[in-house]
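**Q** Given next are the chains, with one letter for each unit.
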Amino acid sequence: MARIVLNRLGQFAVILLIASFLLFAVTEFSPGNVASKILGPYALESQVRALSDRLGLDDPLLIRYLRWLGMLVGLVPNELGGPATGLGLSDPRGAQYFGNFGFSLMQGRPILDVLADRFGHTVTLTVWAIGLTVPISLCLGVLAGMTQGSLLDRIISVATVSLTSLPEFVVAVLLIFVFAASLGWLPGTSPLDPGDRWSVASQLVLPVAVLVIASSAYVTRIVRSSVVDTLAQPFVRTARLKGLAPMRVALLHVLRNAMIAPVTVILLQINWILTGVVVVEAIFAYPGIGRLMLEAALFGDIYLIQALTLIALSVAVTTQFLGDLAYVLLDPRIRVA
Amino acid sequence: MPTDDQHSYMPQLLTQYRGGRINRREFLRTATLLGASAAAAYGMAGAIDGIVAPAFAQEAKPKGGTLRLETTVYDVKSPAIANTTAHPWIYSQVVEYLTVIGSDNVTRPHLLESWQPSEDLKTWTLVLRPGVKWHSGRDFTVDDVIWNLTRLLSDEVGSSMLGLMKSYMLNEVDTGQTDENGQPVIGHELWSPDAIERVDDRTVRLNLKEPQLAIPEHLNHYQAVMLDPDQDGVFDVGANGTGAFTLVEIEPGRRAVIEAVADYWGEGPYLDRVEFIDLGGGDQAILNALISGQVHGAFQVQPEFSSILEQQKHLKLHDVTTADTAISRMNVRQKPFDDPRVRKAFRLAVDPVKASAVTFGPFATPSEHHHVAPIHPEYAKLPEWKQDIGAARALLAEAGYGDGLEVELVIQKDPAHHLRNATAIQEMLKEAGVTCNINVMPNAQYWDVWTTVPFGSTVWAHRPLAVINLGLAYRSGGAWNESGYANPEFDRLLTEAESMPDPEIRRGKMAEIEALLQEDGPIVQTYWRKLLTFYDVRVIGFEMHPTYALFANKLALGA
Amino acid sequence: MTAGANRTAKPARTGLLARLRGSRLLRSRSATVGLAILIFWLVVAIGAPWIAPYDPTAIDFAASADPSPSAAHWLGTDVLGRDLLSRIIFGARTTFLVIPLSVFSAFLVGAVAGMAGAWYGGWTDTILARAGDVMLAFPALVLYIILITTFGPSLWNIVIAVTLTYAPGVARLMRGQVLAVKGLEYVLAARAAGESPIYIMAAEILPNVGTPLIVDLCLRTGYAVILVGTLGFLGLGLPPPTPDWGGMVVEGVNLMTIYPHIALLPAAAVTSVVVACNLLADGFRETAR
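Protein chains in written order, with our numbering: chain A, 858 to 1194; chain B, 9 to 567; chain C, 60 to 348.
It should be emphasised that the hints constitute simulated quantities derived from the structure, not laboratory data.
Please note that the accuracy of each hint is not assured.
[Said to hold, decoys possible] Computed Cβ-Cβ distance ranges for the label pairs, DEER-style:
id, chain 1, residue 1, chain 2, residue 2, range
1, A, D910, B, D240, 17 to 27 Å
2, B, E414, C, V171, 35 to 45 Å
3, C, D114, A, A882, 36 to 46 Å
4, A, I875, C, A248, 35 to 45 Å
5, B, R33, A, G1041, 48 to 58 Å
6, C, R250, A, L1182, 28 to 38 Å
7, A, L919, C, A239, 40 to 50 Å
8, A, R1054, B, D510, 48 to 58 Å
9, C, A130, A, C996, 31 to 41 Å
10, A, G1041, B, D209, 21 to 31 Å
11, B, S484, C, W133, 27 to 37 Å
12, B, S122, A, A882, 53 to 63 Å
13, B, Q319, C, W215, 36 to 46 Å
14, B, R33, C, W215, 14 to 24 Å
[Claimed, not checked] According to the in silico footprint, chain A covers these stretches of chain B (three or more CB under 8 Å from chain A):
id, stretch
15, 257-267
16, 389-402
[Unchecked claim] As a list, the in silico DMTMM-like pairs of lysine to aspartate or glutamate whose alpha-carbon atoms are at most 20 Å apart:
id, chain 1, residue 1, chain 2, residue 2
17, B, K562, B, E218
18, B, K174, A, D1053
19, B, K130, B, E218
20, B, K389, B, D208
21, B, K352, B, E406
22, B, K394, B, D456
23, B, K217, B, D202
24, B, K174, B, E225
25, B, K438, C, E244
26, B, K321, A, E902
27, B, K217, B, D244
28, B, K174, B, E205
29, B, K438, C, D119
30, B, K130, B, E205
31, B, K71, A, D1053
Quick reminder that beta carbons are idealized off the backbone N, C-alpha and C, glycines included.
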């Protein structure tokens, strides 16, 4: 068991390394000169060149990747923060420490500070979303699956098919239209800044609702079909023939066996929710890493894009790893995926 | 009223206004430009037309309260390289300009008490306002001014003031270094050691290489705030300033907070605190935040939302007519725009009236393909511009494009009106046989190509005088000459216009310039925008400014 | 993403064509409805130039002042005065060009990789699987945003982005399916008869691993519609003035409270296609049982 885990862990580390290099290489093609982005449109060529030199932007790709990696693990100092660049960038932690992502050009401060601020908000959003999605979709899915073919099942099925077909941006737009613009019950944006009228908690409601609606519909369907499949298994039929009460069957046998597929799906759902998070954060002006990602990509803030994609990758790889692990733990028959 | 130290042109100006040859706005603009204080200029105008000057006395505004305003919160550590009009929203409340262009398009001294140009417009004497102190308690001195101006004009700092003032303040020098292509690296230095001359403790004199009319306007360029030399040009929380507020918190992309200081030398401040909230710049988010009352006002609101927000009882529309525009400029160094017939054909194909209407509805006026706005004091009315598809086709055929022509128009993604304007242009060019593809770029990316793409749509902010824009954009080798336009005839006319303080004579010259641009120029231009925003009805003292400037010291929050 | 559902689905006993011929698929009500919706849009897309009342990019300068539905414009116009009905009709063309192209490209790459991995096993399999893991590690939209902002929004870049994000999932599925039938008698028989691997895969394996793959195809087509719509919504969609349903929604969203039709109609069009794909997937799943 431990060997499998270690083996898997090693593989994921390699994936992370390769993927981060690929990403670094892609941002290479990011249009435009970083120095001219910092100085803005009206700087003269001589001014842009002076800054480019100081930023060391003209070195080859591999050198810059290794330097970036070295900076990240604290082996190479970050040159940008010195007074020589005249950008007013400074990092209280110094130029060399573990977890040094460099500076965000868009925001003019250490990326670690930017992330510290944004990451927590996205975690809050995601935790609420998953925390509500899992129980809701488990209940609905099991209910529909146990009563397959009934009116309840059909209602749940139709509702979930329709909701999975609605893009998140459509759901968000509709919810804002109804609850913020028309009824005025909730705020229409979520800068998470306590104002006179809307508490931070009230600002969380709509973004979380969008994510929950979009993902619970999907998970409910998976749970339902998993339950239906499990009910058709011989051992469940046996249990029923033995006269066990339906609820007992459900809890003892069906749920455990039906959970195998959904658990992996729910963990994959984190990845899925990350995608939804970008959309939701963009629409609600929610200050998380999703909105940051979009802003960074549009600005061409390559250091920030690199940091964010590395984090997104780590999260995705970790959840995949946990998913594999859970799969192995829940289904003793599978030892090597 | 005339005094000894007034500009010699002033009596003529008064005569012209009395005779009705220039309008009130032109009079006020020119009089203040020539060194009269705004109050004096309004007084002189009032003596002639009987209109009572706007109340300079401060109406009683309620004190206290926190205002929450939507704006993009940029990193503003280095105001010298700030590159949007949203940057100064935060820092200009703390550190201030020597001059200020008001919402009425009139320039007034601010940290200066007065300015005085010489007859030939080559020497400008700037006198500091007495009694201005830094927050630290030190007097604001002429040495602070010299340090800031010198710094802004150096290559290392990277300020666009350099491009703005280059033609009359700097010489190009070969640094002796070469770049990777073997080209010599060109740097800049003051054209004369006396270019910025310290006269006495309160007076500094700018000695220019060539005449310049717009010194007071240039001193209000949004990067030209006066920073404390002791802080090395870095602006951060607690930075020393002369303004009504101090910065207490800033988190780029999220929020910034300023708080009032005691003993401000000018009006206000009335508010205790202003919070700037960043909503990611999304139009939809701004709209929703205004409707939900999450902010008291927004940096700007796109015109398409005005009808929605006007339904909201707690909000009030503020708008201002400006010379803000987008220029679809054709790079004359690139095919097919090296041929003036093609450029003219494009203008003939495009009807600004239609384009302006679908792009902004009532919130814009059509322009005339020459980048001089009706609100500019030197604007000359030319015969109405007529769309003429037949003539456009004929010109294109003459230039060898009778079988059609395919071009790409590069535009910025935000705001959405760029796409509407481009789509209108695209449709009208289609009638003339031109296939125009639209390439939408993220805004930051556009600025990497704005001087090189063959056909691109560039935003030009409002500037109070037309000659400022024309000099920056179309003079041969001009700092921001994105079209590569180089026409000696145009340069000559513009230089002549720039040395004419008299708006009436200048207008004659402008008519020639405008006609030349329509005939030969590198641009298609369709509209002049109104800028608009919505504020909570309780906010007192707000006026929409043609370059979005915010004067937080004048704002108050009523019940 | 559909790993759970597919793992439990059994390989089809009969080929797709046979099932269609027997109209078993059409006995499923959800499949019929889904198919009908898709055929409807397909006809609209193909016939767009003849059906649409206007050129979808033509601006009616008079109508732009009031985009509400009128006699001249049945569904009204967008804010630029372009006929909404014509834009939705031509938008179907965009959708039915971008989506099938992207999804088929993803399936081609994924299926080939999956079959190769399963068939040859060993290092080929390991390398392909790990490469797939790398690609799967990227949250799809994040990858899209990076690719599109880096290389610019164009038809081919969207196709490439969709291929990159979907192919690994398809490959995984395909690999599993091929492994399941690899050892079955008829495959072994074909191998014994000396048939080439390519022939065996195309003629023997592919038709028999069809159902889960087709279900997956339908579902992924639906997601692709959503993703491409989302890209349009984030302003990263196809270059204008190509009518693009997602882009049309975002243009109209701002005016929801006054002219809701500008956003709601294209949103409904997007949703209908996704619903159709999901229904079709359900139908295939039902008939597979």
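**Q** Now tell me, hint by hint, if it's right for this structure.
**A** These are the hints, each one checked on the structure:
no.: 1; hint: A:D910 / B:D240: 17 to 27 Å; verdict: holds (21 Å)
no.: 2; hint: B:E414 / C:V171: 35 to 45 Å; verdict: holds (37 Å)
no.: 3; hint: C:D114 / A:A882: 36 to 46 Å; verdict: holds (42 Å)
no.: 4; hint: A:I875 / C:A248: 35 to 45 Å; verdict: holds (40 Å)
no.: 5; hint: B:R33 / A:G1041: 48 to 58 Å; verdict: violated (42 Å)
no.: 6; hint: C:R250 / A:L1182: 28 to 38 Å; verdict: holds (36 Å)
no.: 7; hint: A:L919 / C:A239: 40 to 50 Å; verdict: holds (43 Å)
no.: 8; hint: A:R1054 / B:D510: 48 to 58 Å; verdict: holds (55 Å)
no.: 9; hint: C:A130 / A:C996: 31 to 41 Å; verdict: violated (51 Å)
no.: 10; hint: A:G1041 / B:D209: 21 to 31 Å; verdict: violated (59 Å)
no.: 11; hint: B:S484 / C:W133: 27 to 37 Å; verdict: violated (54 Å)
no.: 12; hint: B:S122 / A:A882: 53 to 63 Å; verdict: holds (59 Å)
no.: 13; hint: B:Q319 / C:W215: 36 to 46 Å; verdict: holds (44 Å)
no.: 14; hint: B:R33 / C:W215: 14 to 24 Å; verdict: violated (53 Å)
no.: 15; hint: 257-267; verdict: holds (count 5)
no.: 16; hint: 389-402; verdict: violated (count 0)
no.: 17; hint: B:K562 / B:E218; verdict: violated (37 Å)
no.: 18; hint: B:K174 / A:D1053; verdict: violated (48 Å)
no.: 19; hint: B:K130 / B:E218; verdict: holds (6 Å)
no.: 20; hint: B:K389 / B:D208; verdict: violated (45 Å)
no.: 21; hint: B:K352 / B:E406; verdict: holds (12 Å)
no.: 22; hint: B:K394 / B:D456; verdict: violated (34 Å)
no.: 23; hint: B:K217 / B:D202; verdict: holds (11 Å)
no.: 24; hint: B:K174 / B:E225; verdict: holds (15 Å)
no.: 25; hint: B:K438 / C:E244; verdict: violated (64 Å)
no.: 26; hint: B:K321 / A:E902; verdict: violated (50 Å)
no.: 27; hint: B:K217 / B:D244; verdict: violated (35 Å)
no.: 28; hint: B:K174 / B:E205; verdict: holds (17 Å)
no.: 29; hint: B:K438 / C:D119; verdict: holds (14 Å)
no.: 30; hint: B:K130 / B:E205; verdict: holds (13 Å)
no.: 31; hint: B:K71 / A:D1053; verdict: holds (18 Å)
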